[in-house]
Amino acid sequence: MTVNLSEFDQSCLDGQEGPAATSAMRVIVRLAEAMKATELLDVTSAHIDSCLYHGPAVLDFAKWLEDQGAKVTIPTTLNVSSLDLIHPDLYRGDEDWGVQARLLMDCYERMGCKPTWTCAPYQLEERPKFGEQVAWAESNAIVFANSVLGARTHRYGDFIDICAAICGRAPAAGLHLDENRKGDILFRVDGLNDSLLDRDVFYPVLGHLVGKNSGNGIPVIQGLPDGVSEDRLKALGAAAASSGSVGMFHAVGSTPEALTTEEAFSGSDPTDVIDVTPEKIIAARDELSTASDSRIGAVSLGTPHYSVQEIKKLFELFDSESVNPEVNFYVSTGRDVLAEASLRGFVKPLEDAGVIFVTDTCTYITPIMEAVTLPVMTDSAKWAYYAPGNLGVEVIFGAVEDCVASGISGDLSVDSKIWVDG
Amino acid sequence: MTMIFLVRGKANGEVLKLDEPLSFWGGVDPETGEIIDLRHPQGGMSVKGKVLMMPFGRGSSSGSSVIAEGIRSGSGPAGIIMMEADEIIALGSIVADEIYGKAMPVIVVEKSEYETYSTGDQVVISEDGITLS
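Chains A and U are the protein sequences, given in the same order. Taking my numbering, I'd label the letters of the first sequence as residues 1 to 422. Taking my numbering, I'd label the letters of the second sequence as residues 423 to 555.
Simulated from the structure, these hints should not be mistaken for laboratory data. Heads up, some of the hints might be wrong.
Over the 10 Å line for every Cβ pair with chain U, so calculated as not near, a few chain A residues [to be verified]: (1) R199; (2) S242; (3) K348.
Simulated pairs of lysine-lysine, DSS-like, Cα-Cα distance not exceeding 25 Å [as the list claims (entries may be wrong)]: (4) U/K533 - A/K36; (5) A/K129 - A/K212; (6) U/K470 - U/K432; (7) A/K212 - U/K533; (8) U/K432 - U/K524; (9) U/K524 - A/K36; (10) A/K114 - A/K71; (11) U/K432 - A/K36; (12) A/K212 - U/K439; (13) U/K524 - A/K63.
Note that the structure is a prediction, hence the values are computed from the model and not measured. Note that beta-carbon positions come from the ideal geometry of N, C-alpha and C, so glycine has one too.
Construct the entire structure; sequences and hints are all you get.
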């Protein structure tokens with residue numbers, strides 16, 4: 001199948017927009033062919049995941065574009081990288097790896113990308129509006145843009161993000177198109193007590209369960225309270241994109257394309273109906289932990305990057321207590337969010353209490369955490385999913401309230417009552 | 423028989439058929455090819471030089487980078503066969519082809535075709551398709 005190219009697309013391929021646009025357009029068209037797209041469409045912003053260093057190939061690619069004079073032509077934000085430029089001393093990795101990682105970061109900045117260095121670009125002041133076509137990479141950002149903002153991006157990987165940013169074009173396929181955004185599988189939340197539905201910790205667990213059971217379809221979640229907060233939807237989506245291939249979900253009564261269950265399915269019948277029972281939720285929760293211990297060695301929060309509201313909650317939970325000297329307590333967040341949280345007075349008291357803020361990167365993608373033999377506790381299903389493989393640590397998943405209590409005492413503290421009787 | 427090349431290329435190797443989809447980032451060590459996702463049923467095995475089969479793709483956007491790095495270093499799979507198209511996987515191979523002139527074939531086949539291969543089979547992927555050797 002051939003892709004019908006616009007005059008502009010063809011002029012890129014023909015070299016009239018410069019060599020970088022030719023190379024970028026070649027990649028876009030090859031991907032469009034693989035996606036069976038019949039044409040390309042305009043995108044108004046991009047979020048780049050390619051700026052995280054994974055070895056020589058990613059730097060070769062960025063240099064290949066830059067050497068051809070590449071510049072982005074639409075507003076473009078950068079995802080987390082391998083280094084914390086605000087707290088550089090936190091990096092404990094190989095020196096040469098750090099040098100290469102920095103070269104990669106600098107390369108993307110020189111191409112005109114904004115040095116936002118966050119996996120939660122939707123927490124920045126400027127973010128896509130409903131219906132806007134964008135090219136975002138980073139699995140949790142993709143899910144949030146599609147589901148919560150109602151913007152439209154396909155589930156993009158690295159490389160295409162910067163190509164789309166250079167040309168302002170992307171394949172007209174996948175989640176960009178109305179017909180591919182309707183729900184496939186219905187998840188009925190039923191029989192769970194209301195107080196559990198009002199706890200932050202419920203949402204990443206639900207996301208983990210939904211991701212595992214959605215295949216590559218779009219899940220529709222029915223039975224949640226109306227107007228679930230953005231932070232909870234963020235945690236749900238990030239978990240579902242880790243345990244599964246979810247690029248979009250509908251939460252009836254909360255996300256903009258799902259005012260009703262019927263709207264979410266666009267009148268079609270679900271291909272499958274799954275009842276989310278208390279037993280299934282508890283099983284999903286237990287899957288997120290690899291260990292059980294009476295002590296913990298570290299706490300890692302902020303995957304995806306914590307919002308101002310989440311830092312505020314942390315500030316309130318600490319309530320003048322301090323982190324146990326034998327525990328390392330990390331919170332990953334974006335530099336813009338950290339600046340705002342600082343202005344609002346939440347950061348200094350937390351730092352004084354022993355909390356280590358990590359910006360521009362995340363504790364599970366780069367060597368930042370001090371070696372621990374005891375398990376690491378987290379409130380993030382995504383961190384719980386990836387950290388054991390990436391870092392070789394044992395993980396205990398729990399509510400942020402439990403993470404703070406455990407971080408203060410050093411002893412594992414889990415309030416398991418909330419799962420049973422609220 | 424319907425077969426779609428998401429990325430054209432040649433490969434020759436032993437089939438490793440995964441029971442579940444695998445996220446390349448966080449799931450495969452790009453330097454060695456080992457499956458490091460310990461929750462994955464094939465955790466601990468190596469994808470290096472294998473014709474990897476999985477029903478569809480999963481997980482992180484950074485998978486494209488891990489695929490490209492595996493093609494560059496030679497520790498990645500020789501080819502990938504799925505039942506559904508996956509753009510994250512295709513992209514890694516497209517980019518390796520553009521910058522190094524090395525493509526790893528990525529193929530989508532129908533279920534009936536997918537089911538004819540099992541772990542341990544030796545297969546050859548050419549422009550014409552997949553053949554048992």
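Check each numbered hint against the structure and report the violated ones by number, ascending. 2 and 5
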